[in-house]
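A.B. asks: Residue numbers (my numbering), protein chains in the order written: chain D, 1 to 382; chain G, 1 to 283; chain B, 1 to 181.
Hints in this document: simulated from the structure, not taken from any laboratory.
Mixed in with the good hints, there may be bad ones.
Short derived list, chain B residues pointing at chain D, Cβ under 7 Å [what the hints assert, rightly or not]:
id, residue
1, Gly24
2, Leu36
3, Gly41
4, Gln44
5, Gly47
6, Phe62
7, Leu64
8, Ile65
9, Thr66
10, Asp69
11, Glu176
Straight-line distance between alpha carbons at most 20 Å, and here's what the computed PhoX-like set of lysine-lysine pairs gives [as the list claims (entries may be wrong)]:
id, chain 1, residue 1, chain 2, residue 2
12, D, Lys212, D, Lys200
13, D, Lys10, B, Lys117
14, D, Lys200, G, Lys91
15, B, Lys175, B, Lys117
16, D, Lys195, D, Lys269
17, D, Lys10, B, Lys175
18, G, Lys196, G, Lys43
19, D, Lys10, B, Lys144
20, D, Lys200, D, Lys262
21, D, Lys257, D, Lys212
22, G, Lys264, G, Lys231
23, G, Lys264, G, Lys196
Built from N, CA and C at the ideal position, the CB exists for glycine as well.
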Amino acid sequence: MTEGLLPPGKYFMQGNIACAEAALIAGCRFFAGYPITPSSEILEWMSYRLPQVGGHFIQMEDEIASIMAVLGASNAGAKSMTATSGPGFSLMQEGIGFGMMTETPCVIVNVQRGGPSTGIPTLVGQGDMMQAKWGSHGDYEAIVYVPNSVQEMFDLTIKAFNTSEEYRQPVILMSDQVISHMYGSLVVPPHEEIKIVNRKLPNVPPSIPDFKPFDSRYEVPPMALAGMGYRVHVTGLTHDERGYPYYTHEVSTWCVKHLVSKVRNNAKKIWEVERFMLDDADTIIITYGITSRPAYQAVKMARSEGIKAGMLRLITAWPFPDEIVREVSEQAKVIIVPEINMGQMIHPVKEAAECLVVGLSWAPGAVPTPDVILDTIRAVSR
Amino acid sequence: MPKEVLATEHPDDDLIRTDRMPHIWCPGCGIGIVMKCYIKAIKRSGIPPERHVVVSGIGCSSRLPGYVNIDSYHTTHGRALPFAIGMNLVKPELEITVIAGDGDLVTIGGNHFIHTIRRNHDINVVLINNFIYGMTGGQHGATTPAGSKATSAPYGTIDNPFNLPLLVASLGAPFVARWTTFHVNQLIDAMLKAMKVNGLAFIEVLSPCPTHYGRDNNFPTGLEMMRYFKKMSVINHEADLRTVDIDLRSGKPIIVGNFVHKEKPSYNDMWRKLVESVREERK
Amino acid sequence: MVRWDISLFGFGGQGIIRGGQILGEAAVLEGKDAALTVAYGPEQIGGWSRADVVISDEPIDFPLITKPDVLIVMSQEGLDRSFNEGRAPKKLLIYDSGLVDVSKVKGINMVGLPATKVAEQLGRRLVANIMMLGAFSEITKIVKHESLLNVIKKTFPKAVELNERIFMEGVRYAKESGVIV
Chain D
1 MTEGLLPPGK
11 YFMQGNIACA
21 EAALIAGCRF
31 FAGYPITPSS
41 EILEWMSYRL
51 PQVGGHFIQM
61 EDEIASIMAV
71 LGASNAGAKS
81 MTATSGPGFS
91 LMQEGIGFGM
101 MTETPCVIVN
111 VQRGGPSTGI
121 PTLVGQGDMM
131 QAKWGSHGDY
141 EAIVYVPNSV
151 QEMFDLTIKA
161 FNTSEEYRQP
171 VILMSDQVIS
181 HMYGSLVVPP
191 HEEIKIVNRK
201 LPNVPPSIPD
211 FKPFDSRYEV
221 PPMALAGMGY
231 RVHVTGLTHD
241 ERGYPYYTHE
251 VSTWCVKHLV
261 SKVRNNAKKI
271 WEVERFMLDD
281 ADTIIITYGI
291 TSRPAYQAVK
301 MARSEGIKAG
311 MLRLITAWPF
321 PDEIVREVSE
331 QAKVIIVPEI
341 NMGQMIHPVK
351 EAAECLVVGL
361 SWAPGAVPTP
371 DVILDTIRAV
381 SR
Chain G
1 MPKEVLATEH
11 PDDDLIRTDR
21 MPHIWCPGCG
31 IGIVMKCYIK
41 AIKRSGIPPE
51 RHVVVSGIGC
61 SSRLPGYVNI
71 DSYHTTHGRA
81 LPFAIGMNLV
91 KPELEITVIA
101 GDGDLVTIGG
111 NHFIHTIRRN
121 HDINVVLINN
131 FIYGMTGGQH
141 GATTPAGSKA
151 TSAPYGTIDN
161 PFNLPLLVAS
171 LGAPFVARWT
181 TFHVNQLIDA
191 MLKAMKVNGL
201 AFIEVLSPCP
211 THYGRDNNFP
221 TGLEMMRYFK
231 KMSVINHEAD
241 LRTVDIDLRS
251 GKPIIVGNFV
261 HKEKPSYNDM
271 WRKLVESVRE
281 ERK
Chain B
1 MVRWDISLFG
11 FGGQGIIRGG
21 QILGEAAVLE
31 GKDAALTVAY
41 GPEQIGGWSR
51 ADVVISDEPI
61 DFPLITKPDV
71 LIVMSQEGLD
81 RSFNEGRAPK
91 KLLIYDSGLV
101 DVSKVKGINM
111 VGLPATKVAE
121 QLGRRLVANI
131 MMLGAFSEIT
141 KIVKHESLLN
151 VIKKTFPKAV
161 ELNERIFMEG
171 VRYAKESGVI
181 V
């Protein structure tokens, strides 16, 4: 069904709009959200587009309501999405945990701005990277994509939906104010060439006795939706494979291990990185999102000065591609982690790397320029 | 220690998750009565159980969905309504009933509550008001009558409780009722009416909590509270809602009834109209 | 790699951002890469407004501008802010001569055109930005007249003739100035 969707072609488009159009192509037909700078264009564009393509849009009273409406819609069968920024992302954390526990697919876009607290609403930040991983309480494995261009706002939004449907859990797209507000070139391929994944539904009739909505025979159980007749019980409490609350340590062990292992066992399939001038590099930048853009240039400038610089760009921040970082670190003298926060992704890098790791902590409100990164490369490669 | 009782057979077994019995509710608690009424209403509604969905938040009352053998969703504290809204928008053919307590729906969930009613979503809301936080051990909430004692108000509460029928009616809900767990037949009837209402239907059910409310407020058993409901309730469908606030100490009657029952376009009706006009414009 | 950093600066209501969008889209449709970032003052209406456009023959690494090659300025505040913040243009300044006093600017290629005045004479103040684009295109040759006019036509289908006319006015002023970069 491609009627009403963004036609294939070449565009000069804003990141947030590219994200919304990609969501529609991925099959998103439900959006609930609350306005917040710098993500509001996604909400506004969805309010304009969803009625055109037979979907539903609702502006809720806050971000807590938004994520809960998204989870309700997904349990009724719609591919669902919300978009927010820092403070709203904080408010959504309880709902994200509920989505993880109930294995409900959905996509959450967080357009990062300056923080903490209200911070700098209109300017860039990358201060929510750890929150995306650990923001809700308890054990789960976050899946987090970090786009660095308008094209990736499009591509990774579709991928976020696919991954969310495949692993039956919320997936987070961590954009930032610059990538989201920037206009850039976008190529939309023919729709039939775009891979779309839909969640698995039960392949047994509802009449079978003892249907188990969280059947432990599956790594990712098929999802029985509201109204299909399976009479499911879905709860945020620790539950067994019938969905019934149970607090024995045996059930708790099964429950949380199931939640984390469906991601951990498939981490290598989920990981995505970009290797830039890495072949003989010994001074390696590891970064992500907008910060990778000046880093490309800094690496090239360093190369022209004879420094063997390169970059590993994280496209999935979580699950963290630790084996790739370890492997890359074996050829490195030093790894530099520039990020627009006071040091977040440097921690898993340090945990994985076998070499010296230094941070380039940049306060929110501005993107470090290529010169800033080059200065650090020069300083550490001496 | 209360003796464990296993239900072996019950006329409503087809809609009860018997494998989850015994339930967690205390002797004298009124929530089981509400569950019984809800099951009766499902059966009499003419809507097949597969199309009924029950959604709750957190608390003693919110455990109810887990025992009813239909699609049931036990969500986070105070957030049953937005979850139900998402489901209702995507599948308006489902008959969604949110059943949760006073602490859940109008204390932590107060913001969602007012906006859900304002937008007139096609959802039935059954609020079990036992005047107290039960599951967390007897703290006071937004419906605890002023002066009541609670574990977080050992000297008596000083805050004013909500007058819920007045609040809900002021937000324009097409159906507003209040009953008590003593009024079983009227409650079933109100639930049936709610299921037929196009838009938001609200029922407040006053219910005894001997363990946490009654204990310190002169209703030591469920039976005594039920007697009080029987004695003090006055049915008045036409009541002036400004006068229906609850005071359990002064001898003030408890006004119950189906206070509001009117036609009003639901959110879904408005959405359908909007989509039609957008499609028409694009032609 | 040929990379151009172009900054358009004016105030809200002059079509500064729209100008940046048109420029970027024209470049992309020519097969180049482009990036547009915008900034404005806190006022909802009438505050300062800036559109930074990067155009490159190759994929753009860093999409932001630290010091523009070309500054297109349509307000005094735009000129002053750019110079005070170290963002004076490296190669070319195009300014609205009816709105911006450049008497203190030295040592930079400059072209002034009375864009707002001409637009007013044509009955539509709002098209002044298109005249600026015409002059820019003629002097820099970064994007073709034709590409810009195509995007302008698509963007304003109800005012095709007017926009083409004022665009060509900009081209004429630029030619007459004799400035090349």
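A.B. asks: Does each hint hold? Answer for all of them.
C.D. replies: Evaluated hints:
A hinted interface residue such as Gly24/B counts as satisfied when its beta carbon comes closer than 7 Å to some beta carbon of chain D; here the least separation is about 5 Å, so the hint holds. At about 4 Å, the closest approach between the beta carbon of Leu36/B and any beta carbon in chain D falls short of 7 Å, and the interface hint on this residue holds. The beta carbon of Gly41/B is not positioned within 7 Å of any beta carbon in chain D (closest approach about 11 Å), and the interface hint is therefore violated. Below 7 Å, beta-carbon pairs count as interface contacts, and Gln44/B has none with chain D, the closest being about 13 Å; its hint is therefore violated.
This hint is violated: Gly47/B has a C-beta 12 Å from the nearest C-beta of chain D, more than the 7 Å allowed. With a cut of 7 Å, the hint placing Phe62/B at the interface with chain D holds, because the nearest CB-to-CB distance is about 5 Å. Below 7 Å, beta-carbon pairs count as interface contacts, and Leu64/B has one with chain D at about 6 Å; its hint therefore holds. At its closest, the beta carbon of Ile65/B sits 10 Å from a beta carbon of chain D; the interface hint therefore is violated under the 7 Å criterion.
Here the hint on Thr66/B is kept, as its CB sits about 6 Å from the closest CB of chain D, short of 7 Å. Proximity of Asp69/B to chain D is violated relative to the hint, the smallest CB-CB distance being about 16 Å (cut-off 7 Å). Because the closest C-beta pair between Glu176/B and chain D is about 31 Å apart, greater than 7 Å, the hint is violated. Taken as a hint, the Lys212/D and Lys200/D pair is honoured in the structure, with Cα atoms around 14 Å apart against an allowance of 20 Å.
Simply put, Lys10/D and Lys117/B have alpha-carbon atoms about 36 Å apart, too far for the 20 Å limit, and the pair is violated. Taking the CA atoms of Lys200/D and Lys91/G, the gap is about 19 Å. The hint holds against a cut of 20 Å. Between the alpha carbons of Lys175/B and Lys117/B the distance comes to roughly 19 Å, so the proposed pair stays at or under 20 Å and holds. Between Lys195/D and Lys269/D the alpha-carbon distance is near 15 Å, which keeps this suggested pair within the 20 Å criterion.
Distance check on the hinted pair: Lys10/D and Lys175/B sit about 32 Å apart at the alpha-carbon level, beyond 20 Å; violated. Proximity of Lys196/G to Lys43/G is assessed by CA-CA distance (about 14 Å); at most 20 Å being required, the pair is judged to hold. Restraint check for Lys10/D and Lys144/B: the C-alpha separation of about 18 Å stays at or below 20 Å, so the hint holds. For the hint pairing Lys200/D with Lys262/D, the CA-to-CA distance comes to about 15 Å; that is within 20 Å, so the pair holds.
Between the alpha carbons of Lys257/D and Lys212/D the distance comes to roughly 18 Å, so the proposed pair stays at or under 20 Å and holds. The hinted pair formed by Lys264/G and Lys231/G fails the criterion: a straight-line CA distance of about 35 Å is larger than 20 Å. Restraint check: the Cα-Cα separation between Lys264/G and Lys196/G comes to about 12 Å, which is no more than 20 Å; the hinted pair holds.
Checked against the numbered hints above, the structure breaks hints 3, 4, 5, 8, 10, 11, 13, 17 and 22 and satisfies the rest.
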